[in-house]
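J.: All residue numbers for the sequence shown refer to the working numbering, where the first residue is 89 and numbers rise by one.
Be a bit skeptical, because a hint or two may be false.
Unchecked claim - In the EDC-like style, the derived pairs of lysine to aspartate or glutamate whose C-alpha atoms are separated by at most 20 Å in a straight line are: (1) K327 to E337; (2) K113 to D212; (3) K113 to D218; (4) K176 to E217; (5) K173 to E193; (6) K131 to E97; (7) K176 to E194.
These are calculated hints, taken from the structure and not from any lab test.
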Amino acid sequence: RIRAKKDDEIPADGEFPWMVAVFNKTPSGNYQFRCGGSLIHPKVVLTANHCVHRRTPNDFIVGANGKIALPNKNTERRRISEIIKHPKYTHFGRLYNDAALLFLEESFPTEGDNRINTLCLPPDGLDLEDMNCYVAGWGNGLDGQGDQNMKKVQVPFVDHNQCQALLRRTRLGQNFRLHSSFMCAGGEEGKDACIGDGGGPLMCEMPSEEERYFQAGIVSWGIGCGTEDVPGVYTDVEKITEWIKKELEQ
């Protein structure tokens, strides 16, 4: 779950209608929550590649309209027809270009339905410095326990060089280099993405357009959760937008 200090960090109905949950099939044939994701097209989900690495489309289903991290009667479910990972994804210990597109067998109903909708890709050249950005998901909370209710928290953007300097003060050490495919947000105590939030979107409000969001990042990794001066690390969506658009056009 998102690490947030207050229980009022539960999104309102329809606040983030592009949030989807990715469930993987267990040996018993049931489905369990695996990761978050975002609907960027009625038939395409953007998530972190580490969530689906070395797995096949048959291993997963995707659920939308779920404030709950279990497929329930209100969850619209879709099967995946194809998983396309970023061509420069690096798995072992690095997670560079940690992004994957999940093409669905059938579109989600986004027309005239405020419960399910798509999230915009980032506009060119936006400065995230003073923007209102949020991360949401179903992962672990302050108590270390997973939660069935989606949570959200506002996180500040952290400049690449500053983020690298802060992460060098952790167990990563002084020689750590933050890869150019990443961006950072957070670093405030008790407010962060956490285990189980991977793949979910970092979403920012469009300048001068309240309640209209674009996706700035994908939850990728972090050192602990919600520690002061230790930002969370996200795949930088602006850096992969061209790849996404190219795949959507095919």
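J.: None of the hints should be skipped; say for each whether it holds.
T.: Tested hints:
| no. | hint | verdict |
| --- | --- | --- |
| 1 | K327 to E337 | holds, 18 Å |
| 2 | K113 to D212 | violated, 38 Å |
| 3 | K113 to D218 | violated, 41 Å |
| 4 | K176 to E217 | violated, 27 Å |
| 5 | K173 to E193 | holds, 17 Å |
| 6 | K131 to E97 | violated, 29 Å |
| 7 | K176 to E194 | violated, 28 Å |
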